[in-house]
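> Protein sequence lines correspond, in order, to chains A and V.
Taking this note's numbering, I'd label the letters of the first sequence as residues 6 to 202.
Taking this note's numbering, I'd label the letters of the second sequence as residues 6 to 202.
None of these hints come from the bench; they were simulated from the model.
Owing to the predicted nature of the structure, the values given are computational and were not obtained by experimental measurement.
Each statement offered as a hint is correct.
As a list, the in silico DMTMM-like pairs of lysine to aspartate or glutamate whose alpha-carbon atoms are at most 20 Å apart:
1) A:Lys180 to V:Glu155
2) V:Lys180 to A:Glu124
3) V:Lys44 to V:Glu10
4) V:Lys98 to V:Glu86
5) A:Lys131 to V:Glu177
6) A:Lys180 to V:Glu128
7) V:Lys55 to A:Glu30
8) A:Lys180 to V:Asp117
9) V:Lys148 to V:Glu195
10) A:Lys180 to A:Glu90
11) V:Lys180 to A:Asp117
12) A:Lys55 to A:Glu18
13) V:Lys131 to A:Glu177
14) A:Lys45 to A:Asp61
Number of protein chains: 2
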Amino acid sequence: MSKGEVTRQRIIELAAPLFNQRGFEGCSMQDILEATGLKKGGIYRHFSSKEGLAADAFRFSLSQAVKIRMPPPDPSRTAVERLREMIDHFVEKPSPIPGGCPILNTAIDADDGNPVLRELVWEGLKSWRSRISQIVREGISHKEIRRDVEPRALANTIIATLEGALMISRLESSKSALNDARASLQELIERVALPAN
Amino acid sequence: MSKGEVTRQRIIELAAPLFNQRGFEGCSMQDILEATGLKKGGIYRHFSSKEGLAADAFRFSLSQAVKIRMPPPDPSRTAVERLREMIDHFVEKPSPIPGGCPILNTAIDADDGNPVLRELVWEGLKSWRSRISQIVREGISHKEIRRDVEPRALANTIIATLEGALMISRLESSKSALNDARASLQELIERVALPAN
Chain A
6 MSKGEVTRQR IIELAAPLFN QRGFEGCSMQ DILEATGLKK GGIYRHFSSK EGLAADAFRF
66 SLSQAVKIRM PPPDPSRTAV ERLREMIDHF VEKPSPIPGG CPILNTAIDA DDGNPVLREL
126 VWEGLKSWRS RISQIVREGI SHKEIRRDVE PRALANTIIA TLEGALMISR LESSKSALND
186 ARASLQELIE RVALPAN
Chain V
6 MSKGEVTRQR IIELAAPLFN QRGFEGCSMQ DILEATGLKK GGIYRHFSSK EGLAADAFRF
66 SLSQAVKIRM PPPDPSRTAV ERLREMIDHF VEKPSPIPGG CPILNTAIDA DDGNPVLREL
126 VWEGLKSWRS RISQIVREGI SHKEIRRDVE PRALANTIIA TLEGALMISR LESSKSALND
186 ARASLQELIE RVALPAN
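Generate the whole structure from the sequences, applying the supplied hints.
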């Protein structure tokens with residue numbers, strides 16, 4: 006990376022937790038200047054606007070969360086094992102960017118607001134849901150999961166339960182809601198799984 | 006109500022959707038002045054600070070959401086019927102204050118921020134969870150719900166699934182995630198319910 010690219014990446018990495026904790030409106034350019042120790046010109050050399058920086062900060066936060074939460078595809082594991090593992094990762098491994106899940110934060114922040122961030126978080130959510138749906142479809146075709154399961158519906162329920170539980174857990178400063186969500190989702194998966202041959 | 010009380014209430018009702026949609030930082034005093042047509046002094050006559058107004062606006066939004074979502078207690082209905090009805094209300098009746106669920110919005114907005122709002126939303130969430138837990142306990146003591154069900158865990162799962170699904174539905178501009186959540190929760194309740202005598 007060139008020196009400019011290194012600076013650009015450093016700004017993104019320092020801005021990411023600020024946007025993730027405070028939201029787009031709650032994080033001012035002044036906050037970014039203080040965190041980076043740069044002058045305004047030093048930021049605008051690399052980003053056309055606060056919105057552009059927030060978009061890159063979200064992409065970075067999301068990539069970090071996905072990396073830590075989504076186990077790498079492993080063809081030796083069954084679909085049911087992969088779903089269980091994904092749920093365990095979400096419950097056990099907090100997003101590495103302070104402030105909680107970037108998808109949940111940005112969805113709530115942008116659903117009535119910033120259209121650029123709204124589109125980005127929607128893409129992120131769709132991509133997560135597609136990955137889960139794909140695992141479910143593989144499970145159905147390998148006769149590990151019941152044929153009457155709708156992959157998108159199961160993926161929606163898994164994501165909704167985990168994200169809602171994270172909201173409660175962060176507010177309560179306790180993992181109990183996340184652990185309750187895990188128990189309930191593991192039971193749901195138990196119910197849709199077919200007995201192994 | 007005195008004329009002052011009417012004005013105060015009008016300010017709260019006009020500010021509530023702004024805070025609910027934009028968050029505490031995203032809603033400026035300027036936005037409030039424009040919505041109410043008042044001067045700054047006219048607002049500060051009734052509220053000591055923007056934080057004080059935001060707190061009252063949240064209380065108002067929450068009361069409206071609870072009123073429309075929580076069916077009134079009805080001793081002629083079983084606990085299982087009341088749980089089902091609560092889920093139906095959440096899925097079918099959007100919060101009357103634009104911007105979605107005030108608990109979800111304020112939880113995400115305040116979990117790393119404003120301590121007054123954080124405390125208020127935590128009280129709101131605890132009270133909702135207590136009401137659900139209480140229905141579950143009544144169901145257990147009336148032998149409608151299995152004795153091994155943990156009321157708090159079931160309440161956490163119901164709230165998490167509904168709130169997470171609302172986040173997805175609002176982002177997707179579609180009710181499908183909420184409908185998937187309902188189907189999955191109705192199945193969960195079916196499983197914990199005991200057959201009627």
